[in-house]
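Sequences listed follow chains A and B, in order. Just so you know, the first sequence maps onto residues 1 to 402 in full-length UniProt numbering. Just so you know, the second sequence maps onto residues 1 to 326 in full-length UniProt numbering.
Calculated from the structure, these hints are not laboratory results.
The calculated lysine-lysine pairs, modelled on DSS-like cross-linking and capped at a C-alpha distance of 25 Å, are:
id, chain 1, residue 1, chain 2, residue 2
1, B, Lys182, B, Lys216
2, A, Lys189, B, Lys25
3, A, Lys189, B, Lys110
4, B, Lys48, B, Lys35
5, B, Lys35, A, Lys189
6, B, Lys48, A, Lys189
7, B, Lys254, B, Lys216
Computed beta-carbon distance windows for the label pairs:
id, chain 1, residue 1, chain 2, residue 2, range
8, B, Gln198, A, Ala391, 25 to 33 Å
9, A, Gly253, B, Pro193, 43 to 51 Å
10, A, His367, B, Arg196, 29 to 37 Å
11, B, His297, A, Ala315, 54 to 62 Å
12, B, Phe90, A, Ala315, 41 to 49 Å
13, B, Phe90, A, Phe396, 42 to 50 Å
14, A, Asp312, B, Lys35, 56 to 64 Å
15, B, Gly109, A, Gly191, 25 to 33 Å
16, B, Gly51, A, Val154, 42 to 50 Å
17, B, His141, A, Ser163, 31 to 39 Å
Even glycine gets a Cβ: it sits at the ideal position worked out from N, Cα and C.
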Amino acid sequence: MTVESTAATSRRSAGSKAAATGSKAAGGTGGRTARATAKKGAEGPELVQLLTPEGKRVKNAGYDKYVAGITPDELRGLYRDMVLTRRFDAEATALQRQGELGLWASLLGQEAAQIGSGRATREDDYVFPTYREHGVAWCRGVDPTNLLGMFRGVNNGGWDPNSNNFQLYTIVIGSQTLHATGYAMGIAKDGADSAVIAYFGDGASSQGDVAESFTFSAVYNAPVVFFCQNNQWAISEPTEKQTRVPLYQRAQGFGFPGVRVDGNDVLACLAVTKWALERARSGEGPTLVEAFTYRMGAHTTSDDPTRYRHDDERAAWEAKDPILRLRRYLEAAHHADEEFFAELEAESEALGKRVREAVRAMPDPDHFAIFENVYADGHALVDEERAQFAAYQASFADAEGV
Amino acid sequence: MAAEKMALAKAINESLRSALESDPKVLIMGEDVGKLGGVFRVTDGLQKDFGESRVIDTPLAESGIVGTAIGLALRGYRPVVEIQFDGFVFPAYDQIVTQLAKMHARSLGKVKLPVVVRIPYGGGIGAVEHHSESPEALFAHVAGLKIVSPSNASDAYWMMQQAIQSDDPVIFFEPKRRYWDKGEVNTEAIPGPLHRAQVVREGTDLTLAAYGPMVKLCQEVADAAAEEGRSLEVLDLRSVSPIDFDAVQTSVEKTRRLVVVHEAPVFFGSGAEIAARITERCFYHLEAPVLRVGGYHAPYPPARLEEEYLPNLDRVLDAVDRSLAY
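Okay, chain B solo, but in the shape it has when bound (with noise of 0.2 Å):
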């Protein structure tokens, strides 16, 4: 296999079978990921062809992955755990927090965690309650974390293999409304760095910076902002932590505004600490003030009110429309 179209989920499951191949020590872990393949099927066939014992079926109890997870990183082990869902993530925060994202730092760098935490979020989906959530600024605030999240095929997979061979803890945000969204996978070419944002479409009137599910939206929203002769650049940002400032930075200079878009909560989110950052670096650059487009401070809402909570095109339009007035 060299260049492959496929789904999201399938280029996840084929860079963790790509891992489990070339590396002993690589272990996967979760609620259901093994005779099921997990909910999503992420992790379909990989028990049937690396056994028990290295797709590991685990009790219903995420501190006790996570927590167990460490111990075997202590040992040399390189798992990839799974959440099943964005808001079960928390029984195994303080695990995440407290533990995973400190222990290097405590052992003055004598231990390495290499350990994936995955985690399928964000909403779209039709689903129940805390199945759609974006928690990604709930770990970035948490130093010794790395935080990525691919947004098409080809970056899923890549983006996989470079967290899994991290001596750092990752947690991989996958967004799960694009899981059956399809790509070219070319499973040879040579990526670059993983926490390094990618400009995915060129453009000179407007900046559009994005991860994960919101990458599709930013692009559609340049077609349709293209119809009305607007130029937007959209910026596919990959790492939430670290965040490619730099490449923000350049983009902004270009275009002299910027939008933020993520599906979590604008208030204290990614968005936010993007604004001061870009607003403290290019302030002589920026013809408004950076903006925001996100979810609301609210909870996550019952599912037939998410098309009201998440940004779509009309809302990103809309910011693009107020930034463009100053």
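Looking at chain A on its own, in the form it has when it is part of the complex (with noise of 0.2 Å):
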């Protein structure tokens, strides 16, 4: 759909080899809920790390196999993923401020949550975001204008879910775990051998559809990994106000493994989310991913985090910031050069004025696309309301002929 995003399909090399041999094996993690006591809160040992904050390499003995195939090319693919969704969310963000959107859900510090999951899937893979998965309908590509249809006013959900196998943005928190179970149910039935991933946050763990959708994906053996983002903020409720155990041991008791990966670590993301889904496809059921990450910015532009939460927080997550740690890598490495650097802050630029240009040239959709697409089949209620509407909106233009 979109030019300056890669197909998901093409960067499925990534760690594939390793994958391709290792889905039984799955990273040796089978005990980890159970072996997991973690400090309530806090970044715990049990963490899957890959990649420091300082940009180290880290060795991993569970999950280095699958990203032990990963090019220097691929590596500033996903650089170049996580630059341009903070751009494009930095443009949205200012599009709200401008007046041209009602509203925007800011992923900003999720990028490699986002990208290091969404790279993970295979383009036969189908994805049930929240409202913030940016990043991953990047990976999916969807054309990042087509979400802002939505922030904008002028739809419910602008793109056709099968053109991505990216489903429509979900606002009612946790409805669309279930919903990703069922289609992985389905896959099941069909025999085909693609996977699910269902996003939500912290503050939707809470909810009765996910624990619903924990209990009907174990006891299906379904497809689906869940992947969820702790972000550490439920608009302004802390993590501490949905759980009494980190998020990840919640899989132990419903029957399937769960881990929790450095959320601002894109390599890590990368190998976990493909370690869940190849135990997904290779027909060992639902893994829980917990990414433990960080909600930079406000919840939507129109929350106000000061006043529920100190900047010195947020200072102590910058020094983790995703893109700024593989960027140390890459540098480091060598895989990158200034002239890299420097084009992709163009390309960033020309994203960013894309982005505002098609935004701005949003029409308001014609009035009667009130009544279209409320049925498939059709109702004679809607049919009624529309001619009453029509025969409204005509007295006026019969008002002013006279």
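Bring the two chains, given one by one in their own frames, into a single complex with the hints.
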């Protein structure tokens, strides 16, 4: 759909060699949930990390193999994805401030979680997002300007989910985890080896639908990965208001593995998600991945985080910035030069300009769109009210004609 | 099987069987629908014949049932889910209202969700709390849903066929007190449209409009009124969303009087909507205000009181008398 974003398939090779041979071994993480003794609300020793905040590659016996074959070109690709996603996100925030969008839900700080997991998916996999997965949409090839329609108020979801296997954004939090589970049940019935990934947040983890999706997926052994971005805040409520145990440990009670990954480490997110998707494909059922990250911005443009959290918290997380740490790694490994960064900067600005112009050119829908697609097979009352509305509108034309 | 006499529950069972046979994408889901055949045996024998992957016993979680049915529909399946009793649908209300009803519109028509939600509803069987309710108005208020309720075995068979074939989500309210009533079912007759009302008894003095379990009662009322020399027309609405107002209008323009009967509470019930619309459409034809007979604005009472709560022969006849007195 979009020119800038590489299709999900093109990066499928990253780590695929290891994945192909290692699906059963599954990183030796089966007992991970049982062993974990995490400190509440803190990154415990169980956190899967491949790239430190300083950009140093650290070994991980369980997950290295899922990114073992990754090339410098693919690493630069991940970096580019994160930079462009952040640039798009910043443009959308600016457009809201300029009155072009009614609202925007920024993903600032969550780029690694979204790009890492998004790039782990295969073209035939299906993604069920919440409303903040702009980076995952990017990986799936959804044109970023399509995401803005609902935030501008011209539609309630402006893309065909089946064009990119990327379902519409879901605002009632947690609802989509059940849709993902049902879709995965369908994949299993079809005998296909595709997988499903459902995104949700720490706040949504309290929803009954999320618990029910865990139950259904476990009972039916559905090929679904639950990818929880724990960004520490559900609007103003910290994770402590949602759970007494680290979220990834919830999986244990449902009978499938849970893993906590450094959500600001794109390599770790890629590796862990590949592992989880391989489990799904090979009939091993659901997995819960908790990406431990941070919402650097406000919940949405309507939110004011200064009322409930301190700047020093944000500063601590800035030191763990997902883009910065990959840049440090690329530079130290001589995988990218100044020219690469300069070209990317120019590409970013071009993307911002394209998005800005596309949004400003986005027309208001026709008034009769109210009555469109309410039903697939039509409905007598909708037809009647559309006709009444048309007559009412026409009455003004008559008055003007007199 | 061409024409056969069978109970309403059996007619739905035959309809589901026929759908499972003719379309491999049709699935049955719900609590106890498999081995047990459902608490009312509506799905009796289906799992045995079509297997556990098509007739699916689910965890006891209604939101999960409807939510996963949505996901299966997105994958191309046509799930028919059973909510065990009317009063148990509310955990799924969120999925039905915020997701099932709206996804077609949200996707600008790209996504279709052909999901049928079967709900045995209504009272009159002496059940415990939450097993006798009539929540159809709570769904009729939601655009994107279609709501039907058959009154007899033949309609139960055919309306289920049509509901499964519909590309829109359909809430299928089954009149549980009529499950054992037998009627002729012709599986080869071509049915009329799903949402069209049917005059089940012609009359000239007053129209009784009802659907589901109350149609039989209204026919009994018409019989009783005939003994007093009054000719009542009985209209089986069959569909609550959309409502076939044209059929109601045609009948009322002839009889000039209308009484709407349903088990659900009268307040904000479907009778209120019918009264408002028919008053608009037939203002100069009406000889009396549209009257309603239904449940009271009180929780559904304990079983020993339900005869007083539900519309019965005398309560409907009383409304008929009041209407004719104008």
